[in-house]
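Engineer: Here is how the chains run, residue by residue.
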Amino acid sequence: MVTDFSFIVAHYNYWAVVVLMTAGLYVVVARGNLIKKIVGLNLFQVSVFMLYISMGKVTGGTAPILTGKPEIFSNPLPHVLILTAIVVGVATTAIGLALAIRINEAYGSIEEDEILAADRAAEQQDACET
Amino acid sequence: MMGGHLPILEVMLPLAAAPLCALVRRPMVAWGVAVAATLFALAGAFMLLTQVWSAGKLFYHIGGWAPPWGIEFRLDAANSFVLAIVSLIGAVCAIYGRESVAREIAVQDQPLFYTMLLLCFAGMLGVVSTGDAFNLFVFLEICSLSSYVLVAMAGARERRALTAAFTYLLFGTIGATFYVIGLGLVYSLTGTLNMADMALRISDLGDNNALQVGFAFIIVGIGLKLAIFPLHQWLPNVYTYAPAMVTAFLAGTAGKVAIYVMLRFLFTVFHPAFHFEAVTLQYFLLPLGLAALFIASVVAIFQSNVKRLLAYSSIAQVGYILVGVSLANISGLTAAILHVFNHALMKSGLFLAVGCVVYRTGSCSVSAFRGLGGQMPWTMAAFVVGGLSMIGVPATVGFISKWHLVLAAMERGWWPVAFAMIAGSLLALFYFGRVIEAAYLYPAPEGRLVTEAPIGMVLPLWVLTVSCLALGIDSEFTVTAARAAAEALLFDPHNGLPAQAGP
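Protein chains in written order, with our numbering: chain A, 4 to 133; chain B, 46 to 548.
Careful, some of the hints might be misleading.
As the list claims (entries may be wrong) - Listed next, with one range per pair, are the computed distances between beta-carbon atoms: (1) A:Ile68 / B:Trp110: 43 to 53 Å; (2) A:Gln127 / B:Arg71: 24 to 34 Å; (3) A:Gly64 / B:Trp114: 18 to 28 Å.
Claimed, not checked - Computed from the model, here is a short list of chain B residues facing chain A with C-beta under 10 Å: (4) Glu186; (5) Leu190; (6) Thr218; (7) Val225; (8) Tyr487.
Read the hints as simulated data drawn from the structure, not as lab findings.
No experiment lies behind these values; they were computed from the predicted model shown.
Ideal placement from N, C-alpha and C gives every residue a C-beta, glycine not left out.
Isolated chain B (complex conformation) (with noise of 0.2 Å):
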């Protein structure tokens, strides 16, 4: 009986998790209880995939009500595949809080700090899992408020992550309320709340100002979650200022899931609607894509703080996967999907090494790497790793997955598009070049005495670490896996609804 309700436990366990850890007060007990909620949904996670991989589509109707009038969870290749770089992500951050929140956050505050982390956690499961366009509005709200507060915690001892945290509840209730408007005008329109009745009721819609203009209202909302090119601005604050293991959870899971709603409204819900989806792509999406793929690059090799530096790279970053999007076919899909799981895997696995590097120097200046590279060995080795693999040197993901995306983009004729992502690949090498040369080739400040990081902390690390290098060398797992996703998105006859459903 279990298994079968493992798509709603998968999201109900950290959930029904996150008061425990309120209540207990025992900041290690806390602690326990968020990396036992991770990990089952870690565990869950792979089953659910190893499942829709042999069965296709998992349905799970809330409270027995079916569809449309119900809330279902649907999991198909595309959000079991999210769900497991999510719950990766958090599990690996879970165990590296441990040391790393008992130095940033207050004690008394270390409860609710896995609290908060488990309410955004268990919201980011239910942003993936749902299959209702309210339901995601709902579980979105709840990371995204609960990821509020996880950035304010800093603010006892930095208090520019108060003001980053009110700017980013600013823009991410302007995202979201621009989410509501657009779903409000869809449901006028179709009287359907499920994605899958939407989809099928919207391709009888035809042409409709109404529609287009939800559409559009959708995708901006999205887009400041996801922190597209012109709609960043609340980012750079957000990543800098919040506790180390928050911006490493944020960086590897909060733009992942914004992307794949984005992606299931893009793909599954407006479908249909193609004609005006494709103008959207090739003339919205592929040119901020560059932009930010460029403009972000470039203030990146500026910044003198590494987690800016990080947060502008990861705006870049988000730039790659735009394009591979706007390319709408089944490679630039595949390509796009990859590099969101490999970007989750090396932007979070270097966010962790300048949580070390914080968690000893208490510095994340590109002064404060200098002499690391013989004083902390294995972070700045993990880091090395991390920051090849943004360039996108063979033998690290970002090289199968900027591969992949150079490949799309020649199969589709577009070769500027291609030459221009190997040249924003060339950026990355100036701004890790900075820190890497400060940590290897700058002699340590004089006095500073510092050792490697504890293991609580370098093991999570080198977990990413080596799957960034494994997963680099033997890419079949996730390329099968992101292939399967986009294939998902793209050519679902009847966009998965199951037979009994739609009236």
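Only chain A is shown next, with the shape it has when bound in the complex (with noise of 0.2 Å):
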């Protein structure tokens, strides 16, 4: 049996987009780090800019600049969306990143599982004094 893998191949930006978006997705749920989880939102996020970048290209086109002769144009539209996505992107990051600083200060760790532990203690606690 001949396999072909020139399908493969050809489309080896959507398998980018694949093995992102599933690595971005478990390091998010996988790792206890808060910071590596906005590493992994990040990937995550970046995925779906790639996707867009991909579908919106068409084979042999050029940026779309009125020049006047016949051309093959890209969609500049997926572009445009993803330029917003990004920024939206950085929000979130920046958000994130300054809960972590703020979550560090309550509590000395960034360790989900530290944390954890430590809001238990602190419930434990308080049903011992009420």
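With the hints as a guide, dock the two chains, each given alone in a separate frame, to form the complex.
Structural biologist: As structure tokens, then:
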């Protein structure tokens, strides 16, 4: 049986999207360190940027600048959308990091299990007092 | 000229007022700006609602660019009704904020708090008004990012608010990113972002794998924002540790906006592809709705913190709404939209009442409610009305929407579902019963002398409580509005595409 890899190879950018997406999501879920979670979230978002850019690309297309000559243009709309999405991503990262700093100040740790343990200890103390 | 630009002013005025709050740096001035902006939005929303009822639909092309190229604001009976809900809850909460925020937030942070509140408010109004699917994502993120900050604002007093906000950020961003992935797939198939245009092109596509994957991503993404049952993990901590007024605001608005987005995608955008939608509704949303209804209600019974109890109750109420939606007929959808409105009224009212209790006693545990029936009569009376409404006692809004939900289930012939909803209401009796029992049947802890909360808090609370009773006795306005909204979603012949649009 002859396996034709050309389809897979020709869509290498989509494979990168899938790998980044799942890796990012995995890091968010599996890592306890809050900064690593934010890194994972960024990977996840970047994969979506790549998905949009890939789908806007037209083979042989250039930037859509009006020159008078009939040319093939790439679709500029996904790029514009992703510019917005990048801004949103940066804002999310900024808030996430700011929260991580505040959490570090309040708990003295950015490890999820240590934070949960501290919360649990505080709750038990509350229960004893009342 | 003003009237023609009202759809955009409705969103832009709160958005423009937000940085103004940050600039003034005086808490009371910032509060005044926030109240003025939300009251403007409230008046605007009701003007738009009456205009939509008389004129059918309103279209506003931003910058004069016609859709599907330009961004369009499109108001029909469905989203103008949600606009009214959001602006009503926003205005009431903003007024309530004066005393509550002054107590819970440091003085130098208060103007920034109102900035975030207005940003969040404007974001929600934008999500509801826009007819452009990517614009919706941008507004959704404006609203989500500011709500993460609003929740974290309580962090100075309660550090668990910070971790709650962080978890909220992770879940919210994953949800929004899922939505963008789904939208990207749909865009790659349809080449348009205008929702009405998208609906037309989807109907021409027929069965398509990428479309189904896109649909799944969008629904799961919004489901995360909406806290559909297994995706609700972020919600209890957020509602418990956020400042009292933020909890009331988010409980009455954020979920409702997410439900609107889900309905818009289920019925307007993907309407023609009903064959796989019906599968989604009956085998996916209905079981999840019923599971939410029972599991979250049972969990609520065992909570000792009243805010957390109400948070689980919110998850259960999302279950009711999903059951109504999954009936997928006009009565079911009417009932679901009715419950969206009514639940916003009663749950915001309940959280405002808890806010009053926290203001006086500094605690929101069930034991802190002991003896409050005598010490804070107005607050507790409002809490009782809200509680009875959640249980579904006649003469409250809760009865009206549960009645319509049960009738709709029976109309569809789903008797077990109708019984399940009634049984779920009985569970509400247990968890509200515990709080009301503590308030009226137990003496106040010795040495605690608290009085009624300030008038600036009790008055907004009673605005919601009175409307909860008034609309429960005469439900004509809400039922008519909800039915019109359901009709706009279900039977809109050309998906509301104006004649001049579409290539």
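Engineer: Could you see if the CB distance from Ile68 (chain A) to Trp110 (chain B) stays within 43 to 53 Å?
Structural biologist: 20 Å, violated
Engineer: Using Cβ atoms only, decide whether Thr218 (chain B) comes closer than 10 Å to chain A, and label the hint accordingly.
Structural biologist: 5 Å, holds
Engineer: Taking the closest Cβ pair, is Glu186 (chain B) under 10 Å from chain A?
Structural biologist: 5 Å, holds
Engineer: Have a go at the Val225 (chain B) hint: is there a Cβ in chain A nearer than 10 Å to its own Cβ?
Structural biologist: For Val225 (chain B), the interface hint holds, since the closest Cβ of chain A sits about 5 Å away, which is under 10 Å.
Engineer: Given the hint of 18 to 28 Å, is the C-beta distance from Gly64 (chain A) to Trp114 (chain B) inside that range or not?
Structural biologist: 19 Å, holds
Engineer: Next item in the hint list is Tyr487 (chain B). Is there a CB on chain A closer than 10 Å to its CB?
Structural biologist: With a minimum Cβ separation of about 14 Å from chain A (threshold 10 Å), the hint on Tyr487 (chain B) is violated.
Engineer: Looking only at beta-carbon atoms, does the pair Gln127 (chain A), Arg71 (chain B) fall within the given range of 24 to 34 Å?
Structural biologist: Violated - the Cβ-Cβ distance for Gln127 (chain A) and Arg71 (chain B), about 42 Å, lies outside 24 to 34 Å.
Engineer: Would the stated hint for Leu190 (chain B) survive a check requiring a Cβ distance to chain A of less than 10 Å?
Structural biologist: With a closest approach of 6 Å, the Leu190 (chain B) hint holds.
Against the hints set out earlier in the document, violations occur for numbers 1, 2 and 8.
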